[in-house]
Structure formats: structure tokens, C-alpha cells
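S.K.: Residue numbers (my numbering), protein chains in the order written: chain A, 1 to 218; chain B, 1001 to 1233.
Please keep in mind that the hints were generated in silico from the structure rather than gathered at the bench.
Among the clues, some could well be false.
What the hints assert, rightly or not - Derived DSBU-like pairs: lysine-lysine, alpha-carbon spacing no greater than 35 Å straight-line:
| # | chain 1 | residue 1 | chain 2 | residue 2 |
| --- | --- | --- | --- | --- |
| 1 | B | 1149 | A | 121 |
| 2 | B | 1068 | A | 117 |
| 3 | B | 1140 | A | 170 |
| 4 | B | 1222 | A | 5 |
| 5 | B | 1072 | A | 124 |
| 6 | B | 1072 | A | 5 |
| 7 | A | 14 | B | 1069 |
| 8 | A | 124 | B | 1222 |
| 9 | A | 117 | B | 1159 |
| 10 | A | 124 | B | 1069 |
| 11 | B | 1169 | A | 124 |
| 12 | B | 1140 | A | 117 |
| 13 | B | 1222 | B | 1010 |
| 14 | B | 1073 | A | 124 |
| 15 | A | 14 | B | 1140 |
| 16 | A | 170 | B | 1132 |
| 17 | B | 1140 | A | 156 |
| 18 | B | 1132 | A | 124 |
To be verified - What the simulated footprint calls covered on chain B by chain A, stretch by stretch (three residues with Cβ under 8 Å from a Cβ of chain A suffice, anywhere in the stretch; the number is not a length):
| # | region |
| --- | --- |
| 19 | 1024-1036 |
| 20 | 1041-1049 |
| 21 | 1064-1078 |
| 22 | 1084-1091 |
| 23 | 1113-1127 |
| 24 | 1190-1197 |
| 25 | 1219-1232 |
Note that CB positions come from ideal geometry on N, CA and C, so glycine has one too.
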Amino acid sequence: MALDKTGIAKRIAKEVKDGYYVNLGIGIPTLVANYVRDDISVEFQSENGVLGMGPFPFEGEEDADIINAGKQTITTLPGASFFDSALSFSMIRGQHVQLTILGAMEVSENGDIANWKIPGKMVKGMGGAMDLVASADNIIVAMMHTNRAGASKLLKRCSLPLTGVGCVKKIVTNLAVLEVTHEGFRLLERAPGVSVEEIKAATEGTLIVAGDIPEMDI
Amino acid sequence: MIQKVVANVKEAAMGVSNDMTLMLGGFGLSGIPENAIAELVRLEVSGLTCISNNAGVDDFGLGLLLQKKQIKKMVSSYVGENDEFERQMLSGELNVELIPQGTLAERCRAAQAGFPAIYTPAGYGTEVAEGKETREFSGKMYVLEHAFKADFAFVKAWKGDTAGNLIFKGTARNFNPNMCGAATITVAEVEELVPAGALDPNQIHIPGIFVQRIFQGAKYEKRIEQRTVRKRA
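So here's chain B without its partners, still in its complex pose (with noise of 0.2 Å):
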């Protein structure tokens, strides 16, 4: 079988360079690769195009790697929780493409799935369709997307066994299994690593074969964005 358990973050990120289209799983702050985000930041690689729902805080997530303007390009739907990010992006020395969720999703899909394009009705009639091919099905229109095209996908999962087969939990599941295999290599961070065999097969979210290589994060600090709570009565 092969290899796909690496020691350590360091190898997890072996062959990121400057320039390269990353994906990277998450939705605000759950469910993000933390420490293949620190591994970028420690790389300082640079001229990154980053998909991710989110563009993290401006002390944690991806925040850190637009802090280090590491980033050339983000690709997202919501970026409204980092101050540094909306400055970068109203001086213009960050490129943004606001996509619909949706479509973000879906253009991750399609990558994993082997589909060059899918139609959605999301955007239509909107500044997001401007330039894109649209078309008329049963009445309704829909816009042309394409499948994304990335270099790495980080993600991270709950559970994961060392022949890459993936648990999620909770929320945190979000982006991370439609990246899965969506870009040239995928790299699965988790928080707890058994030997395959260890985990019910009913249970896989995700099959190893999406999977390149997998590691368990060395500690994960989980920050909860948005801390809601009710009195106990």
C-alpha cells in the first residue's frame, strides 16, 4: 500500500512553492487546517492563491498568512471578520474573487468529481455572472462555472486512519470533504490518527483514495469566532 502517513507538518507540506493555488478547508474558524496554516506561514511562501469560504481573523486563520502578505489572491464568499483583509483589499494589494457558497463548493466538487463546469441559477442577473456564459434550462437561466484547479488541498478532519480515510465532526465538516482530491495533492491534518482498520468503514466520510497525505496536527487551539451561550434557567 502506499505511503501515506507523514511524520510530521514539514513533510505534510513538501513542494508548496510561491505562487501555487492552494485550497483550504473551513468555514470561519471551524474546521481549519491550523497547523498546515502555521507550516505556510513558518514556509514563507508567498504570491498564494488561497480558496477558502473565509479569510480567517486577523490573528488566527488565514488572517496569519495575509498578515505576512503571503497571499496574492483569495477566493471566497464571506471575508467580513478581519479588518486587515478589507484593507488589503480597498488598497488593491489583494486580488478578491467573491463567489457565491455555493458555487464555491460546487466548483470544488466538480474538481474532485472530474466535471470541467457545472451550471447554477446562483449569481444570474448579478455582477458575479458579468462575463460568464449563461444558458436557459426548463425556463430558468443559469451561469457557467468552472471547476477550480489547485496545486494542494488542506483540509482537516476529525478522525483519520493511516490509509487516509477521513471522520469529520460537527460542523467543522463544511468545505473540508469537497476539497478532498479536488487539487493536484491533498493533504488531511487531524486531529487523531488510528491504524486503518480502527475506524468502521459504515462511518468513512471520506475513502483514503481522495487523500495523498494525512498527519496528525501536533496541537489544534479550535478558537471559537462567535461565542454564544444561554443562562441555565
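Just chain A, same shape as in the assembly (with noise of 0.2 Å):
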């Protein structure tokens, strides 16, 4: 059976090791660090100004000072600190953040990703996710494999503005994990119940299948 946003979450969680700083999107991003490992220690970074978010606070305890790049009132974990955006992004653009976790509207099989802007419909900007792509060298993201309608979000070609170009490493789908190759889709798991036909049926990009495809272990 497909995933649902919270088995994306799970099996990205998987990803993220002992000493990582990371940093996470809006969305199913935000999920992760509900499941990551308690027994590693991993800081969480949010591009607004903070490292070592915790979560969100009990009711009463909000601070208009203290927010993520969501705009979401949060906490502190003890050790944390605040910064001012361009140190922030130093840590982006510097390469100090190991692993970046973001949605996408479409990836393309070079890794190319677009998730900023819909030409004529969403103006909205593409806030700090132009700088984490093109700087990021562990970028994973979280998607749906297709849109409403059922059309295929893993394509030849990007069909939106992009956000960046051939940055994306690997793809975590309610069907599949993909790694992004010079010769395309390279087809790592199966959702659990999944069949590589389903996988196969839902990419319209070039899917490299080579050998047995293990299930998921989520």
C-alpha cells in the first residue's frame, strides 16, 4: 500500500545520523523529526535564525520572539542559539547543514526541482529553499510520486520555474525511494505493497529497475 505523509516522514527519518544538523522544509519535512531515532543527537536548524528547535510549546508558553521559518510559535532545546539571516545562510551556503529535507512540486531525472511557483496561480516566493538547493550536497525530498489528477511529479523535464538545477539526490515517495543518477531514476525501494509496475506506471521519467527492489523498512 501506498505511504501516507507520516510513512514519508518515517522512512526519511531513517536518513538522518548521529551529529547531522539538518535542516527541514514546510510540510512533510516538518514530520521528520518526529521520528527520528532518540538515541542519536541531531540538532534541527530553521533558516529564520535558529539551531536546535525543539517543539512546539504548551499552551501559555508562546513567544512572538521565538519561531520557525514557518512562522509556527516553537521552543528551544537546551544548547540552541540564535542568529542573525545572513549567518543563517552562512551555515546554508556554507555547507555546514548536512542534510536538507524539502517538498517538491516536480523533480525532473537530472535533478532538477521546481517547488516556488505557479506561473499565473501561486505567487508566493520562493523564500530560503533557492539558497538550501543550490548549496546542500545531502538534499532528500519528500513528495507525493503523483498530483491529484494522478499525473506523474517525477519527470523528464520540469515543467514549472525551477528552484534549482541537478541538485536533487534522492527522492522519498508514498511509492518508492529514488536516487537521481546521470542516466535517470535509479528505483531503491518499494513502498511495502508496492509493485515496480505501479512505480514504473506513475514515473514518467526514466526508471532505472536493476535487479530485485526490496520493500521499505519503515
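Relying on the hints, combine the two individually framed chains into one complex.
M.R.: This is the structure in C-alpha cells:
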């Protein structure tokens, strides 16, 4: 069965390693924090200027001066720090953040990503996404494999305005885990009960299937 | 010593006129110069170019200036929380330049630090880089982005002293320190203004040299945009 958003977050949480500094995008990526093993030490960065983000505050303890990049009230953990926007993007651009997890509207088989604009429809802006994808070495995209109409979001070429070129390395969808290679999307894992044929049918871009494809362990 | 303290927001905003370029600190509604924005509304200055990460919400922050159609152009990275903004943008009434958040910060910092421009990898290969100079360094492509030029920077700090030294609180720091000294005149509003000497020099985030005018804001609403809480166990 295809995964739900929580399932995608759980699978991505396995990619988070001890000692990592991690930047989580808005949406599914935010959920990842809930499923990271508690025997490892990870610090979450939010690009508006905090390292060491904790859970949401208890009711009555919200502070307008302590928010995340989604403008939600948050708390901080021991060892946390605050900093200005230039320093925040120094962490990102300078590759001091080990893992970036973000959502996408489309990804192409050469690793291009589109997630900030639908011409004539959605005009919100890119926020920090362009800086993140242009600089991070280790980018995992969390997304649904197809859109609501059933059309593939893993394409030969993106149709929407790009956020970054050739930057995506790994993709976790509701159907599969894939790696971006020079030849196309290489299928690494299937969601439990999902067949290779179903994944092929949902992928417009080149899909490379080599050998037996294991089911995800989540 | 040069007198930096002004009595109120009215004096702080002296010299702001139509068609100026203003920098305004804040991320979402956190750390925005609330008192300065209210004064800009009162002054009815128009044709403004505003450099600010966001554009407020419909009835707070820069949304108040948008409502009165005082802004000609916005330079921002994310503007998703404001219906009036979206309406003015789609109808062509408002000129909007969307740029990556790190580029916005660094174009402020470049102006503050005396750099004419910077190279950033952000936006390379996207429409953000169209018409801009690009260059390869060690096998990676970068886009040339110019330092901002602004007439006024309005920033908000937690505490300040009469010498103009500033301390920020939490994530309300955001773009505020990067905008100090990045415009011809930097106006800092603070929640608490203390005499020079009352703040520990070790704890100062922005030295007063970057600030021309400072005042204690009359009041702070500090509105929360996305109140998110968890239940007690």
C-alpha cells in the first residue's frame, strides 16, 4: 500500500544520522523530526535564525519572538542558539548543514527541482529554498509520486519554473525511494505492497530498475 | 558624542519622503519595526520601494502600507500570507521582485560591509538569474548579486542604549542586524532604551556605529502569525 505523509516522514527519518545538523522544509519534512531515533543527537536548523529547535510550546508559553521558518511558535532545546539571517545562510551556503529535506512540486530525472511558483496561480516566493538547493550536498525530497489528477511529478523535464538545477540526490515518495543518477531515477526501495509496475506507471521520467527491489523497512 | 536618541517615532522618521527605498527588518511578523510602520502609514508617503523578507499580513506589518497603496515595489523572498498583496501583484499595480532569502540577507550585508556585489550559487539556472552575470568558481556556477542601496533602514531590537548599541531577542533578530548600516540612515526602535553603559559590551549584537537614530517604541503588539502549541501530557 502506498504510504501516507507520516509514512514518508518515517522513512526519511532513517536517513538522519547522529551528529547531523538538519534543515527541514515546510510540510512533510517538518514531520520528520517526530520520527528521528531518540538515541542519536541531531540539531534542527530553521533558516529564520535558530539552531536547536525543540517541540511546539505548551499552551500559554508561546513567544512571538521565537518562531520557525513556517512562522509557527516553537521552543528551543539546551544548546540552542539564535543568529541573524546572513549567518543562517552562511550555515546553509557554507555547507555546514549536513542534510536538507524539502518538498517539491516536480523533480526531473537530472535532479532539477521546482517548488516555488505556478505561473499565474501561486505567487508566494522561494523563501530560502533556492539557497538550500543550490548549496546543500545532501538533499532529500519528500513528495507524493503523482499529483491529485494522477499525473507523475517525477518527470523527464520540469514544466514549472525551477528552484535549482541538478541538485536533488534522493527522493522519498508515497510509492518509492529513488536516487537521481546520470541515467535517470534509480529505484532503490518500494513502499510496502507496491509493485515495480505501479512505480513505473507513476513515473514519467526514466526509471532504472536493476535487480530485486526491496520493500522499505519502516 | 553624537545625539542618537530621538524623542519618538515622529522624529525618527524625519526625512522620509515619497519614492524612497526603505529596508524593513523582520521575518513574518516577528521582529518587525511596528512603530515605524505605523508612522509611515500616518505620513501617507507613497511610491515606496520596500526591501523586506515578507510583506506582512492583510491587517498588520507591511500589509498596512499595502492597503493604503503606499508601496510601488516590494523586494522580498516570501509573500504568501497576504491576499491584498497577491491581488495587487497579479493585477500589476504592485511591482514585485522575488529573490532568494539568503541573497536578500547578503545584499543587505554587502551594503553594510561596503561590498558592491557578491557571488551566490542561489538561483543559478532559474529565472532569478536571468539577465545577471554568472561566473564559474572551482567548477560551480554563481550569480552576481548587487548590494542594495536604500535611503532608510527601519529595524527593531529588544534592548538598545543611548549610544545606539543593540541587542536582539530570539528569532526576532532575523534580518534586523544585517540591515543596520546598510542604508543612508538606520533607525532602530527598541522595546527598552537604557543609558549607555547599562548593557554589557560583551552582549551587544550590533554596535551603535551602524545606527543613526534610536527610540523606544510607544507600544508593541508583537502579533503571532501561526500560534502552534502542544497539549500538556
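S.K.: So which hints don't hold here, by number, going up?
M.R.: 6, 7, 9, 20 and 24
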